[in-house]
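Participant: As you go down the protein sequences, you meet chains U and R in turn.
Quick note on numbering: the first sequence equals residues 1 to 339 in my numbering.
Quick note on numbering: the second sequence equals residues 1001 to 1359 in my numbering.
Certain hints may be false.
Stated by the list, open to error - In silico contact screen, one side only, chain R against chain U (beta carbon under 10 Å); selected entries: (1) Val1015; (2) Ala1029; (3) Thr1162; (4) Phe1164; (5) Trp1165; (6) Ile1172; (7) Gly1175; (8) Thr1177; (9) Arg1243; (10) Leu1295; (11) Phe1296; (12) Phe1330; (13) Leu1344.
Hints were generated in silico from the structure; no laboratory data involved.
Because the structure is a prediction, the values reported are computed rather than measured.
All residues carry an ideal CB built from backbone N, CA and C; glycine is no exception.
As a plain string of letters, each chain reads:
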Amino acid sequence: MADKTKNKKVQSDEKLKGLVIGHDAHAFIESITKIDNGDTDKDYRANSLFRLTMRRIVRQRSAVIGGSILLFLILVAIFAPVIAPFDPNFVLIGHEDIKRRTDPCIHLLGCPEDQPQHILGTDGNVRDVFSRVIFGTRVSLMIGFTTVGFAIIIGTLLGALGGFLGGWVDNIIMRVMDVLLAFPSLLLAIAIVAVLGHGLQNALLAIAIVAIPVYARVVRASVLSVKEQEFVSASRALGGSSAHVLFRRVLPNAVPPLIVQGTLGIATAILDAAALSFLGLGAQPPTAEWGTMLGSERNQIFTAPHLVFFPGLAIMITVLAFNLLGDGLRDAIDPRLKQ
Amino acid sequence: MTQYAIRRILYSIPVIFGILLVTFVMARAIPGDPCKAMLGEKASAEVCERFTREHGLDKPIPVQFGVYMKNIFSGDFGDSIRFSRPVTTILLERLPTTIELGLIALFLAVLVGIPAGVIAAVRRNTAADVGVMIAANTGVSMPVYWLGLLLAYVFALLLKDTPFWLPPSGRISAGVTAIPFYEVFQWAVVEGTAKYTFLEFFANMYILNSIISGDWEVLSDVIKHLILPAVALSTIPLAIIARMTRSSMLEVLRQDYIRTARAKGLFERFVILKHALRNALLPVITIIGLQVGTLFAGAVLTETIFGFAGVGRMLFEAITARDFPIVQGFTIVIAVGYVAVNLLVDLSYVFIDPRIRLD
């Protein structure tokens, strides 16, 4: 009799417990999906993290616009030889009856048929500007991705070491980063190029170096924020090595802010690299780089403005694409900022 | 509070030490023989030996660093190779131009950026907001030098023979001279003295000079020359300030005390300007401090385009001519100035926002 009552009590206890747990778990899952979704999507089981993130990104208008422009630019870069009518460094003298620095000529828009068609005109060396602008996309995207890639790798390493180890290692690393941040970034890049010598490679190195502190700080901050959490302690308790804990448990948390910061960083890198090239410190002629094209023809602004206008427009569109995408990603990935 | 100020000032000492160390290392990292790098490839062995001895380059590196620090703290940045004149003198000649240009640009950026941000936040999701945000996003993505060249094309060529014409280069028209105010007032100052250098520094800011001496013709000429470079230089800071003001305002407008203020029946304008904006401005002030760096870097490009004989153009020319003492000296001064401005911004918080707990 007593046993029966006891059993009954246990049963009801378990029932109650199950109910409570069930309720909690349900509320918990719902709260997660609420944060992730931004709405009350009931069908949370069908949502993978990737899909949720993608859905949030697609809701950001600026991310969609920026992403579309970027996709277009990547296609232009890949198919540059197909799109461009000429090789970017092909000199048209002897090939066509055309003078240097001719205005844009599009037959469809009423340019005389007997004049060879160059939709963005020709430059001071009688080269097709349109072809050069198209091929310039390759150079600029390459600059953006390589410099930021390099800066992220070094920055992550330094930030992770500092945040994870703490103590004097952290102190030294972060003080060095502080010093790098104490310089206006473009000026430091200019000074580094002045020391290393002119040229695209040195310009890329300089731009990458000045970008490192940003990523080191981002990574360090996210390492510090998760270092003491239970899942990290659990991983340690299960016998995970330091490297395992760092790379598999801690660092993945730094990926979203790195993606956002990296996208915005590419915009800055492209802008700064173009500025260095404009000053003659970066890519050297005859490389079809937008900044170089602008720089070498800047004295022609009053006689042949198209030589200045189109490369600059190309820089602006590319930088704008990364800025919009970065802003959109930040709003999508960081729900705290969502308004 | 005093404790915070002292700690904050002490904290910037290692940063400044780091700046000096970095510039020292960079000067030593110039590939090849420093003598050949400084004096040119054709420098003979004898000349090089004397150069090495005179500059103490035969001494151990720590000793060299000590001498370097000592020189810098006594205001000696060495001599320019190209001009054979002290870098400090050249810097003092060039700095007023850049400070004037930078201040006007910053003034424009604040004057337009903050109201634009406030309007965008208050009229959120309307055409005004979208317009401001598109303009701001385009602004931060624009190469300064490109905008400068386009402005020159439009205002100096297309609008020629209209009242809107603006000169494409230089600080002042040929034939117009800005007479230093101390000469106008016939002050007795001897050339070469500290007082002269001090007065000359301010007289070199043409706008300030012509206001002090009351020369309105020169003032209008100088302002005409300044408009285009200042507008070009202000674009990026303006866009950044507008975006920051907008997001900071949106944050503040959601707070309870704003609802309380509205519930009290205060005029909307009063709520926005007195209650919201004052608190929203804090992060904006930090951003403005950081823009000083953007302005210095932008000055290199803007001054090069508009033919302004300022620090930025000098730095660019020095790099092209491999005049390393100038590059080094200018870099140090700009970086230390940048650190100092941001230190002042941090310290000003104490006065702007008494709520801030500083520890």
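Participant: So which hints don't hold here, by number, going up?
Facilitator: 3, 4, 5, 6, 7, 8 and 13
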